[in-house]
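If you're matching them up, the sequences are chains D and P in order.
Numbering-wise (the numbering used here), the first sequence opens with residue 1 and increments by one.
Numbering-wise (the numbering used here), the second sequence opens with residue 1001 and increments by one.
Hints listed in this document are in silico derivations from the structure and should not be mistaken for laboratory results.
One or more of the hints may lead you astray.
Listed next, the in silico DMTMM-like pairs over lysine to aspartate or glutamate satisfying Cα-Cα at most 20 Å (straight line) [to be verified]:
#, chain 1, residue 1, chain 2, residue 2
1, P, K1097, D, E239
2, P, K1199, P, D1220
3, P, K1097, D, D234
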Amino acid sequence: MALSHIRLRQVAGQVATIAITLFGLLLLTFVIGRMMPADPVRAIVGEDASRETYEMVFNQLGLDRPIWEQFLRYLGDVLTGNFGTSIRTGQPVIEDILHVMPATIELATFAILIGAGLGIPLGVTAAVNKDRWPDHLVRVFSLFGHSMPIFWTGMIALLVFYAGLGWVGGSGRMSQFYIGLIDERTGFLLIDSLLAGDRDVFWSAVNHLILPASLLGYSSSAYITRMTRSFMLDQLGQEYMTTARVKGLSRGQTIWRHAFGNIRVQLVTIIALAYGGLLEGAVLIETVFAWPGFGQYLTNNLIIGDMNAVMTCVLIVGCIFILLNLISDLLYRLFDPRTK
Amino acid sequence: MQDPILDVKNLCVRYPGAPADAVRGVSFQLGRERLGIVGESGSGKSTVGRALLRLLPGAVISADTLRFEETDLLALSERDMLKVRGRRMSMILQDPKFSLNPIQQVGHQVAETYLRHFRCTKAEARAKVLEMLAAVKIRDPERVHDLYPHEISGGMGQRVMIAMMLLADPDLVIADEPTSALDVTVRLQVLNILDGLVKDRGIGLIMISHDLNLVRNFCDRVLIMYAGRVVEVLKAGEFGQARHPYTQGLLAAQPRIGGNHAPLAVLDRKPEWKEEPLP
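Looking at chain D on its own, in the form it has when it is part of the complex (with noise of 0.2 Å):
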């Protein structure tokens, strides 16, 4: 019963933290709006408009208005799910971004499985073996993936995996050859080929996935392996692991069954938090590899100044760390018995 109750109030705060945050973030985008150095209107009516129509456009915005009104016509706005519509495209915002974003989730979703994958080994092997020389050769590999700019190493492993070996495909989520024959169902295109039933443009999405992913990857596993490093350094000098080796456990089994577990909770916080960038946009590699996707909207609607898509894609963005937050938060729960 107090339990219960105890586990309500800590839902309630969530949920409050939760809208706090949320509001602060409409304000934020909100802001970011109004003080953009693009003029909407302009951009709408165009460069050689007649002053009435200018002004009639102005009011059709409610740029006439007192600002806390139009604040509180885009939250409304906002909350019934109206977003506005794309200058550039002439198309709802809200879609235009339902449309790129699988495209992004695919990448940062494999090139963080592959970054945790490498980058948590790495990391407690280094730990385990300070100040030798398998420390030494992953600090110097994750250095590497850290101080290499992702444009240029992009460009490297184009040139030798694609035009040089020919192992993987080029720019793009698939060849050309397959564009337009699979019909898009989630977006995801290693679903909606599989859905199909067509392994040729899933196997030709894999090898067009696999070179950015990697690189993505290689690039976040830099960022983990230190941190888990360190986290694990922290661990092997407790006194609990000397327990362990007296009840006669190897050393590997101690690091494994004990020491793992105690880094857990911190691992979470910052795969989630290195995944939520992966996801903010990796516009560099998308645009090096030619990958449509969220990076590449964004950044092509900033220089053109599309405010509605902007101020969209700055919430999404907002939005995905709480998301992540959210989830790391109760991951915590699963995995330290202290927070319950």
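Mind docking chain P on chain D? Use the hints.
Same frame as chain D, now just chain P:
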């Protein structure tokens, strides 16, 4: 002494790069008795305990003899050493706040000792654990089994620790400051439980402590260590006849209830004690 379970001759522990050895020429024998090792911080008493288990990362351990029952500990491979630790020789650590894994149920942690050394089902191990938890006077073993370390008190944590280290029925237990993290009120209770179990099962006990009175009351013999060496060995009842000036200094620095209110003696440490021939 008949049939010692542990025979240590000229034990040295050196950390490469350190100016002096941490332990220098320590020798003693242990039967089925309770041996105390006292000394100040840095005297090497804990290092002796860990050297016996060969759990000193980075240190070089050497000895003329380091025999445990029929086994030459220095000749064992690390692999064979794993079968000794926890099964034949174990160690109770100082503070359950740090020595228990914070994210595992305590029963699970205790059971690990048993599962590591014996072939058995989980249910059998669980039964063993519950029995052992009852033996360390935990009133509701079923409930405590499923608790996490932060949910139990320090005294209970230390009893869990004792259960964990005695579960596989070892012949030698090293207790490294087993009660210094506990409240005075539960200290005696925990010590009595440990003492009872050690006596009943005929286990050899090495009690490492800086608490002279505690060691005096709970051990049969006491080694007094100073700067990595044993300066004196005393029977528990014969502290009055301590000969070494360092031991006499330690005794004089003890406060007494009802004693005169004169300032306590300041412990004297002479450099020549580090090098003089051993008794």
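Verification of the supplied hints:
no., hint, result
1, P:K1097 / D:E239, "holds (9 Å)"
2, P:K1199 / P:D1220, "holds (12 Å)"
3, P:K1097 / D:D234, "holds (16 Å)"
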